[in-house]
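Protein chains in written order, with our numbering: chain A, 1 to 114; chain B, 1001 to 1111.
Quick caveat, the hints were computed from the structure, so don't treat them as lab data.
Any given hint could turn out to be false.
Said to hold, decoys possible - Partner residues aside, some chain B positions facing chain A, computed with beta carbon under 7 Å: (1) F1042; (2) G1103; (3) R1107.
To be verified - Here chain B is said to cover these stretches of chain A; the calculated rule only asks that three of the stretch's residues, wherever they fall, bring their Cβ under 8 Å from a Cβ of chain B: (4) 29-40; (5) 104-110.
Claimed, not checked - In silico DSSO-like links for lysine-lysine, alpha-carbon gap of 30 Å or less: (6) K78(A) with K58(A); (7) K58(A) with K1052(B); (8) K59(A) with K1067(B); (9) K1022(B) with K1067(B); (10) K69(A) with K1009(B); (11) K57(A) with K1022(B).
Since the model is a prediction, treat every value here as computed from it, not as a measurement.
Yeah, the Cβ is synthetic: ideal placement off N, Cα and C, and Gly gets one too.
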Amino acid sequence: ILNVEQSPQSLHVQEGDSTNFTCSFPSSNFYALHWYRWETAKSPEALFVMTLNGDEKKKGRISATLNTKEGYSYLYIKGSQPEDSATYLCAFMAGNFGNEKLTFGTGTRLTIIP
Amino acid sequence: DTAVSQTPKYLVTQMGNDKSIKCEQNLGHDTMYWYKQDSKKFLKIMFSYNNKELIINETVPNRFSPKSPDKAHLNLHINSLELGDSAVYFCASSHLTASPFFGSGTRLTVV
């Protein structure tokens, strides 16, 4: 059983502030880490796929870093806006499987306070 | 145009019934999946099909049977529904190692 943990479970952030949260995953047999954004009553939306140690991805005000040796990834949101309120999921893909073995964390629920 | 569409969006049914959830993707992806969001909000893989062939069948009761008539469709049939089957079921599809693209989910309630 692969252990993928996200912290914190929930987070309230004032509009305009920056924030970050963590995804921890097994450091062995790494293939890829996926980040998703999941708004209530919608489907999870892919943000990033990260495969290389030290990789950094950016999409607008959201960015992510990856450390495969120690088994963690950070997601950063700069200048939070109300539309950033969502649950952010990470999903770990082991090296000996394909997409079909994505293991999801339970997510960080982010609420932006106007 | 919805890329991954599931029907129905909501399904309320009695224990013991048999029901199906349909999924279609128009993205041209080779791989399709069924995920279950459990009571703790985890998304867990149930099945994966690649080009109509079953690739992954996680520890899922035999009452759950996926059917893929072609690579754009993956339907989920559930026999003899139980209270514990109540959950949100998500269909998804992907191309190679790209992130799976999810449907909007089917909320199944067994009463």
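Cross-check of the supplied hints:
1. F1042: holds, 6 Å
2. G1103: holds, 6 Å
3. R1107: violated, 10 Å
4. 29-40: Contact hint for the stretch 29-40 of chain A vs chain B: holds, 4 residues under 8 Å.
5. 104-110: The restraint on the stretch 104-110 of chain A holds, since 3 of its residues have a Cβ under 8 Å from chain B and three suffice.
6. K78(A) with K58(A): Holds, because 11 Å separates the two Cα atoms, which is no more than 30 Å.
7. K58(A) with K1052(B): Not satisfied, since the Cα-Cα distance of roughly 35 Å exceeds 30 Å.
8. K59(A) with K1067(B): violated, 37 Å
9. K1022(B) with K1067(B): holds, 9 Å
10. K69(A) with K1009(B): violated, 41 Å
11. K57(A) with K1022(B): Cα-Cα ~35 Å, so violated.
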